[in-house]
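J.: Sequence:
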Amino acid sequence: MAVKYKIANGQVFHEEGSFSPGTVYLCNDRIVTEEEYNSAPMEEQAIDAEGGYVIPGLTDIHFHGCMGSDCCDGTPEAFRTIAEYELKQGVTSITPATMTMSEEVLAGICRAANGFSCENGADFCGLYMEGPFISFAKKGAQNGDFIHQADTEMLRRLQEISGGKIRTVVVAPETEGAMDFIRENSGSVNISLAHTTAGYDTAMEAFSLGASQLTHMYNAMPPFTHRAPGPIGAAADTEHCMAELICDGVHIHPAVVRATFKMFGDDKIILISDSMRAAGMADGTYDLGGQAVTVKGSLATLADGTIAGSVTNLMDCVRTAVKDMGIPLASAVKCAALNPVKAIGLSEDYGSLAPGKYANIAILDKDLALKQVIHRGTPV
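Just so you know, my numbering puts 1191 at position 41 of the sequence shown, and the rest follows in order with no gaps.
These are calculated hints, taken from the structure and not from any lab test.
Errors might be hidden in some of the hints.
[What the hints assert, rightly or not] In silico lysine to any residue, SDA-like type, Cα no more than 20 Å apart, as pairs: (1) Lys1473 - Gly1440; (2) Lys1289 - Thr1347; (3) Lys1492 - Gly1415; (4) Lys1156 - Glu1186; (5) Lys1289 - Thr1451; (6) Lys1289 - Gly1440; (7) Lys1521 - Phe1169; (8) Lys1315 - Glu1254; (9) Lys1315 - Gly1399; (10) Lys1315 - Ser1252; (11) Lys1288 - Gly1380; (12) Lys1492 - Leu1359.
Everything numeric in this text was worked out from a predicted model, so none of it was measured.
Put together the whole structure using the sequences plus the hints.
T.: What follows is the structure in structure tokens.
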């Protein structure tokens, strides 16, 4: 007989960004009301949260890999390794990111993503296309050999191959053809400004044309200064724009993270991990987009010292934001669970503990250690 679950004795997360004592009810793969739970003719089991935190499973919309596998490997096996690792961390839905590579390689990744799912892993909700439509001057850890001007026809070819799996595309708005690209595609994909030299006015124009996100804010873009606020100031001034933050303790100083939350508020920030294939692995040398990356502790760098993504999963980023940076837990959860799915148009099914949404849930103890993951209504 099928089993229904109720999660009791926990501090339950609410969408507006708060916690209160409560019970969460699950039937089949969805969260349900107490009335729906009581009327379902199923075997009942209780899960005791023991005073811990009951939160929606996290969604990482921008990361490259983990456990030795990378999105750019372009194989179902790599996607499966990634999805299984993420689920065990309480990251229950994902959109792994590509790198700046040739259209042929990107097409292979899109082909592997078409129809991919993993029963024992995080929900594979699509792809995040980081490059090739970026600025050479701010390429960061991207491979400059494959930078390409923004190209609607290329995107359409890749989107068709992927079966519509491309959720987010990054663009440097100052590059040739970028504004036309944003105007043409902002209604069908989430467009994020990235790897850019754009100033405030250029970024504001891009946001007015439909761009709605800023990729790994502060990294690979002009800084926010008092006379030249750049894309960061433009994002802060644009109501519909969300901004990504990597809270791994390496990419952004804690004081800047705190200041960013004060400036943007927790409605407009998306926590991401931007992790590479070394996440979950030992120190050593790894590949990222065809370039060698050296990993020592929490730091991953190219040969020239450029920071090359992180080696920290999103749940650990939440812990770092709360424990080391002073961000309230409810705000951190909102930015790692609800805001990401709002950005990619999946908030009807993901991101909170509201009845009707998928029963993707993480239970944390009072020290934020992961006690239990529930995926589609089934304890993992």
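J.: Sort out which numbered hints this structure fails and list those numbers smallest first.
T.: 1, 9
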